[in-house]
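Peer 1: Counting from 1, position 192 in the sequence shown corresponds to residue 192 in full-length UniProt numbering; the numbering is continuous, with no gaps.
Hints listed in this document are in silico derivations from the structure and should not be mistaken for laboratory results. Certain hints may be false.
[To be verified] The following label-pair restraints were derived from C-beta to C-beta distances:
1. R79 - T148: 17 to 23 Å
2. R79 - Y58: 24 to 30 Å
3. V199 - R79: 43 to 49 Å
4. L181 - G44: 36 to 42 Å
5. V199 - S225: 34 to 40 Å
6. R22 - G195: 18 to 24 Å
7. F115 - L202: 34 to 40 Å
8. P105 - Q198: 20 to 26 Å
9. R71 - G146: 16 to 22 Å
10. A104 - T148: 33 to 39 Å
11. D226 - R79: 18 to 24 Å
12. E176 - G80: 33 to 39 Å
Every residue gets a Cβ at the ideal spot worked out from N, C-alpha and C, and that includes glycine.
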Amino acid sequence: MRAVLIANEIDADPGLVGRSLRARGFSFTEFIRERHDEWPSLDGFDLVVAMGSGWSTYWDHVAEPIAAEQRLLAEAIRRGIGVLGICFGAQQLSTVLGGEVSAAPTHEIGWHQVFPAVEGGKNAPSSLTSGPWMQWHYDRFSVPSGATVVAESPVGPQAMVCGRTLGLQFHPEATESIVRLWTEGDGVEELATTGLSQVVILADTEKHLADAAARCDDVVAWFLSDIAQMHKS
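I would like the entire structure built from these sequences, with the hints used as guidance.
Peer 2: What follows is the structure, given as structure tokens:
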């Protein structure tokens, strides 16, 4: 089975999500946002995974690749292809479905607990909310008409389901190497600005990673069977 992986050039590692999907027979074709004019059609693809990004959906200077991704997601939905959106990818998915993206009242960076939504939480596996997830975002998405929130935090929605799509604000894919990459380079200044510590985030990653990996695999299995409605390979 073939999956599209939409990602930025410097951050195209699907991490734990990729491991779970590959274990179920998926291979990935990268659709790099900066090279959106090279993307092929969705013919022959079974799944779309839209990863996080350092961008915001409302940034004018990257409006062209953002719009190209939104058109691709809309086409996937029209074709009935399952879509998993992560962080920025979930925000793009919300926009395509009629929601909005705006600056969150506060950032969520590091490992944060998410909670079952009052109405929709009963429809999600306990693994979605039984432990903290890695987060790194300054924006949040609204819930489009017809979508169901299944997990949330004080900042906003954390997981929504609509048809064959699942949008996750948190980062289930995060591995130690991914988190380390985010906390280096530009991440050093971000952490300094927000008063957070690379040492603490990496220590928390070591503490939570094994459990998060098992929960990620369970969430991927739920997405494939109950949301994307794909047969197990």
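Peer 1: Next, verify each hint and record whether it holds.
Peer 2: Hints versus structure:
{"no.": "1", "hint": "R79 - T148: 17 to 23 Å", "verdict": "holds, 22 Å"}
{"no.": "2", "hint": "R79 - Y58: 24 to 30 Å", "verdict": "holds, 27 Å"}
{"no.": "3", "hint": "V199 - R79: 43 to 49 Å", "verdict": "holds, 46 Å"}
{"no.": "4", "hint": "L181 - G44: 36 to 42 Å", "verdict": "violated, 31 Å"}
{"no.": "5", "hint": "V199 - S225: 34 to 40 Å", "verdict": "holds, 39 Å"}
{"no.": "6", "hint": "R22 - G195: 18 to 24 Å", "verdict": "violated, 37 Å"}
{"no.": "7", "hint": "F115 - L202: 34 to 40 Å", "verdict": "violated, 25 Å"}
{"no.": "8", "hint": "P105 - Q198: 20 to 26 Å", "verdict": "holds, 24 Å"}
{"no.": "9", "hint": "R71 - G146: 16 to 22 Å", "verdict": "holds, 20 Å"}
{"no.": "10", "hint": "A104 - T148: 33 to 39 Å", "verdict": "violated, 21 Å"}
{"no.": "11", "hint": "D226 - R79: 18 to 24 Å", "verdict": "holds, 19 Å"}
{"no.": "12", "hint": "E176 - G80: 33 to 39 Å", "verdict": "holds, 36 Å"}
The structure shown violates the earlier hints numbered 4, 6, 7, 10.
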